[in-house]
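Q: Letter by letter, the chains look like this.
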Amino acid sequence: MWIAIGILTLMGLVLGGLLGAAARFLAVEENPLEEELKALLPGSQCGQCGYVGCAQYAAALAKGEAAVTMCSPGGKALIEVLAKKLGVTADLSEHEEKGPENAFIVEDLCIGCTRCIRECSTDAIMGANKLMHTIIIDACHGCGKCVKVCPTDAIVMIPVPVTLANWHWHKPETGNTPSQPEVGHAH
Amino acid sequence: MKLYPVRGGIHPEYRKEQTSEKAIVLMPMPAALYIPLQQHIGAPAEVLVKEGDLVKKGQMIARSQGVISSPQHAPTSGRIAAITEVAAPHPSGLPQTTIIIEPDGKDEWAVLPEPIADPFAADPHLIHERVAQSGIVGMGGAAFPSAVKLNLGTQKKLDTLLLNGAECEPYLTCDDRVMREYADEVIDGARIMAHALGTPRVVIGIELNKPEAITIMSKAASAFAGVEVIGVPVQYPMGSERHLVQAITGLETPARKLTADLGIVVHNVATARAVHHSVRFGRPLVSRVVTVSGRAIREPNNILTPIGTRITDLIEFCGGFATRPESIVNGGPMMGQPLASLEAPVVKGTSGILALTTEEINDQPTSSCIRCGSCVTICPCGLSPVEMAAFIRKDNLEGAAKLGVRDCFSCGSCSYVCPSHIPLVHYFNYAKGMLSDLERELRKNDRVKTLVEVRTIRIEKAAEAKKAALAAKKTAAAPAATPTVDEEKTNA
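Sequences listed follow chains Z and D, in order. The opening residue of the first sequence carries number 1 in this note's numbering; numbering runs sequentially from there. The opening residue of the second sequence carries number 1001 in this note's numbering; numbering runs sequentially from there.
I should point out that these hints are in silico values taken from the structure, not numbers from a laboratory. Beta carbons are placed, not taken as given, at the ideal position from N, Cα and C, and that holds for glycine. A few of these clues could be false.
The list that follows gives simulated cross-link-like pairs (lysine-lysine, DSS-like), each with its CA atoms no further than 30 Å apart [said to hold, decoys possible]: (1) Lys1467/D - Lys130/Z; (2) Lys38/Z - Lys1157/D; (3) Lys1157/D - Lys1002/D.
These stretches of chain Z come out as covered by chain D in the derived footprint (C-beta under 8 Å, 3 or more residues) [as the list claims (entries may be wrong)]: (4) 1 to 12; (5) 38 to 47; (6) 75 to 87; (7) 125 to 136.
Can you make the complete structure from the sequences, with help from the hints?
A: Below you can see the structure in the form of structure tokens.
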């Protein structure tokens, strides 16, 4: 019996020691989910989510501290991708209010200081020193970083216009169809 | 010839008798023509004229931009009055860039490209080029640039050109009249197209409710070997190219594939006539036959209309409204879209303008789904409308996409048969729009990510270069004090 106890104790000690060593030497410093989430985010470090940058938001998401709806440049499409990745249901009610936006430079107010150009992380602003700047709409993702640095308030955010190319039918209103079943199920 | 059954479909009241016996009449030139830059699928055309320019009939006023695009031509001679934003013939009524022409009343042709003397001996590329230059697009309604479709012969092995004369939409009779009055032109155009495609066989499918058109077209076709006219069953949506192909060959076009993958290219009969005009006479597409019908129209008619005629002018030519119309529809009553503005012009894809009364529309309040399954039985695409609509109602677009909402082509049969009057096809149009919005957004996010990465790399490189320059400067400033590493290296 003593032999059995001895062997089991020895095994326990050795294996426990191995596990302890593994935990110390083979530790994963960062949550791998964090990297994956970071890759999904736009990476423009605009800070609209309230975190310093995309990496910090990704970390908060991975820990489950932040909602998936906070990245406004990513839009609805990103919310859905994040929700799917994290296996949560996104509450889109707040997001619906604000559609996608683009920056727009009021040309009369622009003094050509190039501050916004340096700030823009997607190279969406064209212009030169003391010359008027303009936004390349295709490259702008509406992060709004340029708005904050403009000394003359010449940059405004405008909603992405509805054109013939992106217009589609609205959701049908079915006021007469009750959303709850009128009768209970039979089973 | 043996025909094959097509799944589902409906048999609505056709109501074609209002205009089917009315011969095509010519619309007098209105006071102004409105030529939108985008009348087709693809990139809008690029303006070639400016305000005040004088143009001749058939002169190119906007050229095509990119591979899938189409040019626009002046439908008459006159002066460019303005290039401005005008409401599009679209349910949204959103504006689009439009060239406004003031006709001078002379209707003088410009110098047109030479007719192709013997098109059947000509290089197919010459015909593609001519069709592209003539601004011909699919005139059945989709308005896809025809030259792109004629080019399919170079990429795929084709055996049949199927000419679509089914005209399954109620009310519309423009294709019927074109076939009855210009059968020779249609068949000549079809033979030219078949030559361009390299298909030995031409089949013309016409619904059996147009017996005169079948007789006349068969007679005109009998002179040529390899041209066949086939009467197809009267069953909406027989005029959908996939379903017409299925009825004639028994083959079902796979989802997200083209009929060309089965070796068949489908063109509309009016498109064939436009090809005939462009190849034989060098004339671009500047007018089309439009059916103006519905009980609210005083004198329904088939009208040869210059492209760019405002719909209000067209309705006025038909004697105006007999009663107050409940809805003005652009196209047929099944797949057509309500028009937001009568100021919008007739474009190359306008097959009909319908002014419908309340009785004709028969709008009923929506009630609850009774799970009768009618929509599933009649869906010509084999989808399950009831389930898809349930998903969409709860904003589960992904669920609807899994059930194949993208394969729905909005024929409206499900909405038509639904005893509870649930706007099923409206749900699918909404879902398809939302899904393409999401796709666009994801594409943009990808693009933004690349832009950010490129910028980061550039900034890092610039910083490194700066550091290197600084280091080089330092060493250059004190060359005498220490023998530089570089020198030693070169000496060694």
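Q: Work down the list of hints and note, for each, if the structure agrees.
A: Comparing the hints with the structure gives:
1. Lys1467/D - Lys130/Z: Since the Cα atoms of lysine 1467/D and lysine 130/Z sit roughly 28 Å apart, the hinted pair holds (cutoff 30 Å).
2. Lys38/Z - Lys1157/D: 47 Å, violated
3. Lys1157/D - Lys1002/D: The given pair, whose Cα atoms are some 23 Å apart, holds under the 30 Å limit.
4. 1 to 12: violated (count 0)
5. 38 to 47: holds (count 3)
6. 75 to 87: holds (count 6)
7. 125 to 136: Coverage by chain D is violated for the region 125 to 136 of chain Z (0 residues, Cβ < 8 Å).
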